[in-house]
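Generate the whole structure from the sequences, applying the supplied hints.
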Amino acid sequence: MTRFAPTRRELLKLGAVTGSALVMGDAWPAPADAPQAATAAASQSAEPASAPINVLLRVNGREHRLALDPRTTLLDALREHLHLTGSKKGCGLGQCGACTVLMDGKRVKSCLSLAALVEGREITTIEGLARGDELHPLQKAFIERDGFQCGYCTPGQIMSGVACISEGHAGSALQIRDWMSGNICRCGAYDNIVAAIQDAARATRSTRKG
Amino acid sequence: MHPFTLERPPDLAAALTWRAQAGRNDAPAEYIAGGTDMIQLLQEHVRRPERLVTLAGLLDRRIEIGRQGLRLGAAATMAEVAAHPGVVQQFPVIAEALLNSASPQVRNQATMGGNLLQRTRCPYFRDVGYGACNKRAPGSGCAAIAGENRWHAVFGTSSNCIAAHASDLAVALVALDAAVEVRAPQGRRTVPLNDLYRLPADTPHIETVLEPGEVITAITVPASPAARRSHYLKVRDRASFEFALVSAAVALDMKGPRIRPTRGTRHGVGTKPWRVPRVEQALAGATLDPAALRRAAALAAEGAQGFGHNDFKIVLMQRAIVRAIETLGARA
Chain V
1 MTRFAPTRRE LLKLGAVTGS ALVMGDAWPA PADAPQAATA AASQSAEPAS
51 APINVLLRVN GREHRLALDP RTTLLDALRE HLHLTGSKKG CGLGQCGACT
101 VLMDGKRVKS CLSLAALVEG REITTIEGLA RGDELHPLQK AFIERDGFQC
151 GYCTPGQIMS GVACISEGHA GSALQIRDWM SGNICRCGAY DNIVAAIQDA
201 ARATRSTRKG
Chain D
1 MHPFTLERPP DLAAALTWRA QAGRNDAPAE YIAGGTDMIQ LLQEHVRRPE
51 RLVTLAGLLD RRIEIGRQGL RLGAAATMAE VAAHPGVVQQ FPVIAEALLN
101 SASPQVRNQA TMGGNLLQRT RCPYFRDVGY GACNKRAPGS GCAAIAGENR
151 WHAVFGTSSN CIAAHASDLA VALVALDAAV EVRAPQGRRT VPLNDLYRLP
201 ADTPHIETVL EPGEVITAIT VPASPAARRS HYLKVRDRAS FEFALVSAAV
251 ALDMKGPRIR PTRGTRHGVG TKPWRVPRVE QALAGATLDP AALRRAAALA
301 AEGAQGFGHN DFKIVLMQRA IVRAIETLGA RA
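These protein sequence lines map, in sequence, to chains V and D. Those letters in the first sequence? Residues 1 to 210, per my numbering, in order. Those letters in the second sequence? Residues 1 to 332, per my numbering, in order.
Don't take every hint at face value.
Taking CB as the label site, the calculated pair distances span [as the list claims (entries may be wrong)]:
no.: 1; chain 1: D; residue 1: Ala292; chain 2: V; residue 2: Ala173; range: 34 to 42 Å
no.: 2; chain 1: V; residue 1: His83; chain 2: D; residue 2: Asp202; range: 49 to 57 Å
no.: 3; chain 1: D; residue 1: Thr190; chain 2: V; residue 2: Leu93; range: 32 to 40 Å
no.: 4; chain 1: V; residue 1: Arg177; chain 2: D; residue 2: Pro277; range: 33 to 41 Å
no.: 5; chain 1: D; residue 1: Arg331; chain 2: V; residue 2: Gly61; range: 40 to 48 Å
no.: 6; chain 1: D; residue 1: Asp289; chain 2: V; residue 2: Ala173; range: 34 to 42 Å
no.: 7; chain 1: V; residue 1: Lys140; chain 2: D; residue 2: Lys255; range: 55 to 63 Å
no.: 8; chain 1: D; residue 1: Gly57; chain 2: V; residue 2: Gly61; range: 36 to 44 Å
Keep in mind that the hints were calculated from the coordinates and are not lab data. C-beta: ideal position from N, C-alpha, C; glycine also.
Take a look at the structure:
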């Protein structure tokens, strides 16, 4: 794949476009995204680079050949190299869950994996959840239940919620809270997040029955 | 992260050689498996290896249960082990300890071997902004002893380090007399888990008896009636996704109303998983009478040393032991 170096403005635009597919229009917090990206870039450039290695990533059904610094986390590969900026960088230490993606169908924190060590795994990000224009039931439920305020944690909440439902851990509000504890929401939208997951879990169950 | 070369060896023997050549202290080569702790240590500049050697795909990840007991491949994830029906049924303390650890995402990534070898959560160890940490920089001192030590150990400490051990799994496994199978470039050996961990003494940076190049390949747990009736109680600041302040792993074998020789370990309180033999002895032959349980649990406090903020743990751990045994007693 050809590498291109986007400007900050292009990056923001990309974020806004991918965001709009999920939460509609200008609710997407592009400004919140910008300082994070800038900080990550600055901390990388402050240190000498390691020799790049070739990495083959499978993301949302497509293969990507990348030459990466071995230090590149899966999250940074997604955001900085594949420009899939839906997955968010909050803490970079596995504490906040904003970077949650699915790996072979299981939820993981993409900031805690090195991209070079997940070769051959099938990665699904928030960008790969909808089928064309048809949103995933949990994406719809987040909109209907207003499961966010600033929206920064939302992609991680939704990816984690999708797994929470498929694992069978969305049986009650209490169970959802326990099994969603790896995703922090600083706006405190938890009540609505739990309600959205309950809605989507019910919808999934009735679809399966039908 | 500091720059490193990433080695993706074709087999375990090659991986062992990389690390064996590197030596013990502040190793220029480190292993990475699930990576959930190592990435944090690299991101925070706590570890700065020149070479990172991946064990991904090189280790056994099977979970096997036979008449003799349980065998967990070192690469089995926390989530896989916690959800295994045989583990849930015959070794509930292991499943409970795992489900009370970390977050669902991390449990999908983190491995058995890595869990046992995760580093302490002592904030002075994790934050390189603090100059004094004998575990991170030998000889630099301990900032925790006179600092914020609410999370720190009350057993097994030394004047050089009071960091608490972080693994819930290890506590459950020690209570069940588990052992680890270790592979080295020159062969293999089995180490009882209780002997794997070293006390900090004068060398808190050397945490286990593993030699450079040795890797944990499996965990074995003997089957027993007590293992079937076992429980993990974790007391922490929030209900989920939090490390323990105090925890108790108890395995109870009952004969009628009386307790047969039993096993207990406590956590959050020791610099390694802390057995309580005096309590175990006192409980043998006892009934589940609350007053008797409290008297036995009080023996757990023997030799405990608080450092100010963590004094409360000495009382809390006794109550945790009583609660864990009562929970098990009610579980007919």
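Now the hints, each set against the structure:
no.	hint	verdict
1	D:Ala292 <-> V:Ala173: 34 to 42 Å	39 Å, holds
2	V:His83 <-> D:Asp202: 49 to 57 Å	52 Å, holds
3	D:Thr190 <-> V:Leu93: 32 to 40 Å	34 Å, holds
4	V:Arg177 <-> D:Pro277: 33 to 41 Å	38 Å, holds
5	D:Arg331 <-> V:Gly61: 40 to 48 Å	47 Å, holds
6	D:Asp289 <-> V:Ala173: 34 to 42 Å	38 Å, holds
7	V:Lys140 <-> D:Lys255: 55 to 63 Å	57 Å, holds
8	D:Gly57 <-> V:Gly61: 36 to 44 Å	23 Å, violated
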